Amino acid sequence: MNLRGGKALVSRLWMSYMSSRGFFWVLAFGHLMPPLMYMFVWTTAAGQGVVGGYNRDEFVVYYLVLMVLHEFTYPVSNYTVGDVIRYGGFSTWLLRPLHPIYEAVGTDIATKAVNMPFTFGLALVLGLALRPVVMIAPLNWLLFVPALVLAYTLRFLMAYVLALLAFWSQRADALLSLNDTLLFLFAGQVAPIALLPGALQTAAVLLPFRYMLSFPVELLLGRMTPQQTLAGFAGQAGWLLVAFLLHQLVWKHGLRHYSAVGG
Amino acid sequence: MSSQISVTDLTKTYRIPQRDPGLKSALRSLVRRRYSDVHAVAGVSFTVQPGEMVGFIGPNGAGKTTTLKMLSGLLYPTHGEAVVAGFIPWERKTEFLRLISMVMGNRNQLTWENTVMDSFYVLGEIYNLPAAQFKRTLDELVTMLDIQEHLTKMARNLSLGERMKCEVAAALLHRPQVVFLDEPTLGLDVSMQIRLRQFIADYNRTSGATIILTSHYMADVVSLCPRVLLIQQGALLFDGELKQLAGRMAPFKQVRMELGEASPAAVDALLVRMGSGVAVLEQSASQRVVRVRRAETSAVVGKLLHELPLADITVEDPPIEAVIDQVYREGVEV
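Those protein sequence lines, which keep their order, are chains X and D. So the first sequence is residues 1 to 263, counted in this note's numbering. So the second sequence is residues 1 to 334, counted in this note's numbering.
In isolation and in its complexed conformation, chain D is listed as follows:
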């Protein structure tokens, strides 16, 4: 099966004007400008199969949105190649634009002073949709997103969550084959995030569209994307399953102990004797949760079981948020 998205050595370098603070420097910059290069995306390569849903994660400024903008044809790359749905995106052919859609959390397709339905109608006309197809797709999206009551309202009178659902519907009216979702749940409350997430999963399943999603909410990525691409400082650090990422990136494991007949004092004393490689994360009358270096996990668990009459002991990876946080802050390499 040929890839729906194929990216090879994609690179984007911005030239940013720079100057020192102060009047002198401001005047000098009028005559002679200084520039510096910012490598927003540095040689990224990956492929995405038709119907796949991929999470694109990374800290702020990592290059996620720049990559999506190149794949949707908004930006020319400095170097590299990309083919999306059989087209070179930045050639911006009309046929290509009909096949893709991009939802950006801070941009909108709806006209504020018009009803939502009016905006949908215009999009149907712009995409030259046959009336029957437009109606069928609209009915499906209205049901899936539960936006019937918003159709007759002015976009400016909708709440952020309501508007976002309508924006998503607007972006999907022409049944795109490739959808780029850039922070679709940005600023939404928990309940709305869950509903939108459910919709995206259903839409991916029923339409077979290829979806690339960026989000800072790990819950979006965990629940929607079997595969993630982790980008940092413009470079692709990881491409694979999220679980695998946690396993490979977290240098620690979490060990959860049900104390049973072991006295808390004895447990704590043993943990102290084990040294700095073991850190207590949670403690209660009947339970301790400690962080242990991955390499030392077997030894620590063996010693705990040997020396203490514990009721139960489980070893688990730390929560994904903690792992990602650590990666973003410390830039651990895979």
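For reference, chain X alone in the conformation it holds in the complex:
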């Protein structure tokens, strides 16, 4: 573990990104659009009543939290990892006494440090404007934190594994786009999972995407029974293990492939 190097890397990247913060804020604004649009769709649909167990205020809070979490867990660096592999810059990373994943993690953290104040600010303004009233139990806040950490780690690692496929294919970033699309459908962006029709809801529970984004939101809003909460954490842990094993496999063989064909 080279934490000293990793820390310096994050601060360098953060300084570098701060000089282009306009670009990053535009990027973040783009990420926020789908949850925002669906928030307005569902609050309009709910009106003064309830849809799928959610009233207007709950939809507002659900989507505001989802919006912040979507930005927080968005693995933006993994598009750059693929490019670095494709264009040979990966060799520079490999020549340093620092595991290349530090670059990806560093980029991710630095991006978040630039983007999150913007995202929080926007969510705050929307919250103040829409004034939803929802009570959140202290236990839910407590459970929310580990769920969020696991969601971030799972989403990052899964996207990193897909990005590493650039070792073999020039077009591996298409899989990252597919990953984003599936997240849109199965991670509570189009609608909270409870509102999805039967088969889609089952798929959402089985696939990893919900555990990368909407599970912590549902947990925070108290939409889960204790059994569902346990099952949710188990889903996160299980998929994280899968992602970790996939990473080990792809990294080992990918590096060997990269080292066989040249950077």
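Please note that a few of the clues may not be correct.
Okay, derived cross-link-like pairs now, DSS-like style, lysine-lysine, Cα gap no bigger than 30 Å in a straight line [unchecked claim]:
(1) K7(X) x K153(D)
(2) K252(X) x K7(X)
(3) K135(D) x K153(D)
(4) K135(D) x K7(X)
(5) K252(X) x K93(D)
(6) K93(D) x K135(D)
(7) K7(X) x K93(D)
(8) K303(D) x K243(D)
Derived by calculation from the structure, the hints in this document are not laboratory data. If you're wondering where the values come from, they're calculated on a predicted model, not measured in any experiment.
Since the structure of chain X is already known, use the hints to place chain D on it.
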């Protein structure tokens, strides 16, 4: 003294996908891919002693960069062994990575949107350098490379030459024992090439680092490397002094004549009579320079001195660029 770099039968063969032009062939390749083997490095062996500076030369595609990539741990070899600073490079141990550095003319360590000093600071942290050592090394490199005024500038605002000097400094901040310089003067103007060359010579002398340098500029190799390795089509053709290379590889000598009292017409007439083995390279009112087959040099010089009242005559090897050019084009074997 044990070698700093020891290479035995190092081989790298790439499998390259191939297909004929046209739609049919493109569709066929989706189902069944054809490959061909490219022998980038074919059984190269050599050793380099600590503190030695060696030039690695050869035409484009000869296998220079592939060899350096194997020695720096970026590539696995297909076959063979290498030990660099006591480590097997492609195991990429952290201790090994701390001991080496590689400067590639087209790659960069500097972050474009940060100041040069910020990039240096991060490298110091990555290599876990003690603050005092970092400062001392940085001061030395800044003085030697004359980059003080660039430290506070964004890397993207530097010219190619300025950036290259900063890249070299970045690569040496951790005081590597072994340095691979792959085309460090690529694209630089003459003045910058000379300054960088001088720096590399000084650095080698003062730090005692082992340096392998590849360059297409013969001036780099001539001025820096007492020893050269010549590689062509993946095979090592020559390992020795550059002068020796010129002597062994050039099948010709250059004979320079100061005409003195000899009339130019008489000289030219004699040269024509000597036949195709003698070719005029330069001529002026008072001088002729001719190319003579190495084996015939003594006979030609004897005849010239016997038949003409020349003021002076000198025999020399052709310029190294001409020899290397000939080797690259014709692949003359040693």
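message: Are any of the numbered hints broken by this structure? If so, which, sorted upward?
response: none
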